[in-house]
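**Student:** Sequence:
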Amino acid sequence: MNKREIWRLIYLLFLGQVISFSLAVTSFTSSLIADLGTDTPLTQSFFTYLFLSLVYGPILLCRRHKLLVPWYWYVGLALVDVQGNFLVVKAYQYSSITSVTLLDCWTIPWVMILTWIVLKTRYSVWQFISAGICVVGLVLVLFSDAGVSGGGGNSRPLLGDVLVIAGTLCYALSNVGEEFCVKKKDRVEVVAMLGIFGAIISVLQILLFERKNLEEVKWTPTMISLFAGFATSTFLFYTIVPFVLQMSGSTLFNLSLLTSDMWAVLIRIFFYHQQVDWLYYLAFVTVAIGLIIYSLNEHKMYFTMSIEDEQATVMYERLSSENPEANDYVLSAEVDSNIN
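Each residue of the sequence shown is one higher than the last, beginning at 318 in the working numbering.
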């Protein structure tokens with residue numbers, strides 16, 4: 318690896334940890350909201366999508382160009398993303414943080430399977446080994462935390478576990494879809510359209526399923542601050558994720574998220590003044606080793622481009638035929654994508 322590749326690797330790992338910390342804050346606020354007896358997962362996610370649409374929507378409008386991806390693909394992407402957020406946040410009503418975090422690891426094998434099938438990604442043996450090492454590190458965290466209450470309802474843990482597993486499949490579909498869009502198209506367009514359609518879908522589902530629970534919420538300063546913290550952390554999450562997906566891929570992105578448990582440890586130390594078991598430190602080192610092994614072997618990953626390029630060419634041709642004036646822009650986007 319040359320100096321430039323080393324700095325790129327460091328930058329990727331840094332962004333991964335920023336995402337990981339934002340996810341830890343998201344988990345922390347979600348568990349506290351559940352502890353206060355509030356059950357409004359769709360409303361929590363709505364504010365995130367609203368902020369994304371308000372920030373990135375105007376930027377997209379100022380560009381004044383035709384969408385590079387048909388709008389109905391973004392509807393599908395937003396739909397699975399909203400369901401993933403709903404299922405995982407809902408799980409905090411029934412399971413503890415430790416259970417949710419453990420089962421959230423299933424996003425990784427889902428993503429590896431989907432990228433293998435959809436994006437034709439090929440992984441080396443060392444990449445599979447590194448993924449396993451990271452999962453082992455997270456399991457060590459959960460063993461260490463087994464005797465500590467992590468928040469949440471804990472009333473029906475089996476139901477909570479099922480919700481998380483279903484949510485991880487939705488997350489995996491969303492991650493792979495975003496990875497394809499940001500690598501072939503435009504990051505701002507992806508985030509803006511995800512925010513717009515995510516907000517619309519959330520509002521419709523709130524009116525159908527969550528209106529009664531929303532009316533019962535007591536909007537105290539504490540509750541408002543928790544909702545604001547959730548929205549801020551998830552907004553940061555969605556803002557940085559496209560950069561990581563474009564520069565690397567959804568698997569490294571999900572491996573980085575495993576260290577959110579380590580950030581959660583720091584939150585417990587400073588907010589709850591709890592002692593940290595020695596297994597936590599062993600787990601942190603284990604996860605770090607897994608991430609490094611994966612990153613060092615990332616250059617061995619290759620794509621079977623024939624099918625993907627053929628699909629992209631068909632998309633460009635369709636866009637060109639539908640809007641001849643956008644021809645130059647689309648061809649420019651193709652050149653930029655190939656250069657990157």
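Hints listed in this document are in silico derivations from the structure and should not be mistaken for laboratory results.
Even for Gly, the Cβ is constructed at its ideal location relative to N, Cα and C.
Where hints are given, some of them may not hold.
Cross-link-like lysine to any residue pairs, in silico, SDA-like; alpha carbons within 25 Å at most [what the hints assert, rightly or not]:
hint	residue 1	residue 2
1	Lys-535	Cys-379
2	Lys-529	Leu-367
3	Lys-320	Ala-545
4	Lys-529	Phe-364
5	Lys-535	Gly-546
6	Lys-535	Leu-524
7	Lys-437	Val-456
8	Lys-320	Leu-330
9	Lys-529	Met-540
10	Lys-383	Val-372
11	Lys-535	Ala-545
12	Lys-535	Gln-522
13	Lys-320	Ser-441
14	Lys-437	Asp-594
15	Lys-529	Lys-437
16	Lys-320	Gln-563
17	Lys-529	Asp-352
18	Lys-535	Lys-383
19	Lys-383	Phe-560
20	Lys-437	Gly-546
What follows is a set of in silico ranges between Cβ atoms, one per label pair, in the way DEER data are often shown [stated by the list, open to error]:
hint	residue 1	residue 2	range
21	Ile-584	Arg-380	35 to 45 Å
22	Val-479	Ile-430	12 to 22 Å
23	His-382	Ile-541	37 to 47 Å
24	Ile-517	Cys-379	15 to 25 Å
25	Val-602	Val-335	12 to 22 Å
26	Arg-325	Leu-524	41 to 51 Å
27	Val-335	Val-456	21 to 31 Å
28	Leu-521	Val-602	37 to 47 Å
29	Trp-433	Ile-584	46 to 56 Å
30	Glu-533	Arg-321	23 to 33 Å
31	Val-479	Leu-524	46 to 56 Å
32	Phe-587	Val-479	42 to 52 Å
33	Ser-441	Trp-324	36 to 46 Å
34	Ile-606	Trp-324	29 to 39 Å
**Student:** Decide, hint by hint, whether the structure agrees.
**Tutor:** Tested hints:
1. Lys-535 / Cys-379: Roughly 39 Å separates the two Cα atoms, so the pair is violated.
2. Lys-529 / Leu-367: 21 Å, holds
3. Lys-320 / Ala-545: Since the Cα atoms of Lys-320 and Ala-545 sit roughly 40 Å apart, the hinted pair is violated (cutoff 25 Å).
4. Lys-529 / Phe-364: Roughly 18 Å between the alpha carbons, so the hint for Lys-529 and Phe-364 holds.
5. Lys-535 / Gly-546: 17 Å, holds
6. Lys-535 / Leu-524: Answer holds: Lys-535 to Leu-524 is near 19 Å, not above 25 Å.
7. Lys-437 / Val-456: The hint is violated at about 29 Å.
8. Lys-320 / Leu-330: Cα-Cα ~15 Å, so holds.
9. Lys-529 / Met-540: 17 Å, holds
10. Lys-383 / Val-372: Measuring from Cα to Cα gives roughly 19 Å; hence the hint holds.
11. Lys-535 / Ala-545: 15 Å, holds
12. Lys-535 / Gln-522: The given pair, whose Cα atoms are some 21 Å apart, holds under the 25 Å limit.
13. Lys-320 / Ser-441: With a Cα-Cα distance of about 23 Å, the restraint between Lys-320 and Ser-441 holds, given a limit of 25 Å.
14. Lys-437 / Asp-594: 41 Å, violated
15. Lys-529 / Lys-437: At roughly 45 Å apart (the allowed maximum being 25 Å), Lys-437 and Lys-529 break the hint.
16. Lys-320 / Gln-563: 20 Å, holds
17. Lys-529 / Asp-352: 19 Å, holds
18. Lys-535 / Lys-383: Violated: Lys-535 and Lys-383 sit about 43 Å apart, past 25 Å.
19. Lys-383 / Phe-560: Within the cut-off at roughly 22 Å; holds.
20. Lys-437 / Gly-546: 38 Å, violated
21. Ile-584 / Arg-380: 35 to 45 Å: 39 Å, holds
22. Val-479 / Ile-430: 12 to 22 Å: Between Val-479 and Ile-430, where Cβ atoms are some 19 Å apart, the hint holds.
23. His-382 / Ile-541: 37 to 47 Å: The hint (37 to 47 Å, Cβ to Cβ) holds, given that His-382 and Ile-541 are roughly 38 Å apart.
24. Ile-517 / Cys-379: 15 to 25 Å: The hinted range 15 to 25 Å holds for Ile-517 and Cys-379, with Cβ atoms some 21 Å apart.
25. Val-602 / Val-335: 12 to 22 Å: 20 Å, holds
26. Arg-325 / Leu-524: 41 to 51 Å: 45 Å, holds
27. Val-335 / Val-456: 21 to 31 Å: Taking Cβ atoms as reference, Val-335 and Val-456 lie about 24 Å apart, which means the hint holds.
28. Leu-521 / Val-602: 37 to 47 Å: 46 Å, holds
29. Trp-433 / Ile-584: 46 to 56 Å: 35 Å, violated
30. Glu-533 / Arg-321: 23 to 33 Å: Taking Cβ atoms as reference, Glu-533 and Arg-321 lie about 55 Å apart, which means the hint is violated.
31. Val-479 / Leu-524: 46 to 56 Å: Between Val-479 and Leu-524, where Cβ atoms are some 25 Å apart, the hint is violated.
32. Phe-587 / Val-479: 42 to 52 Å: 33 Å, violated
33. Ser-441 / Trp-324: 36 to 46 Å: Hint violated: Cβ distance 23 Å, outside 36 to 46 Å.
34. Ile-606 / Trp-324: 29 to 39 Å: 21 Å, violated
Checked against the numbered hints above, the structure breaks hints 1, 3, 7, 14, 15, 18, 20, 29, 30, 31, 32, 33 and 34 and satisfies the rest.
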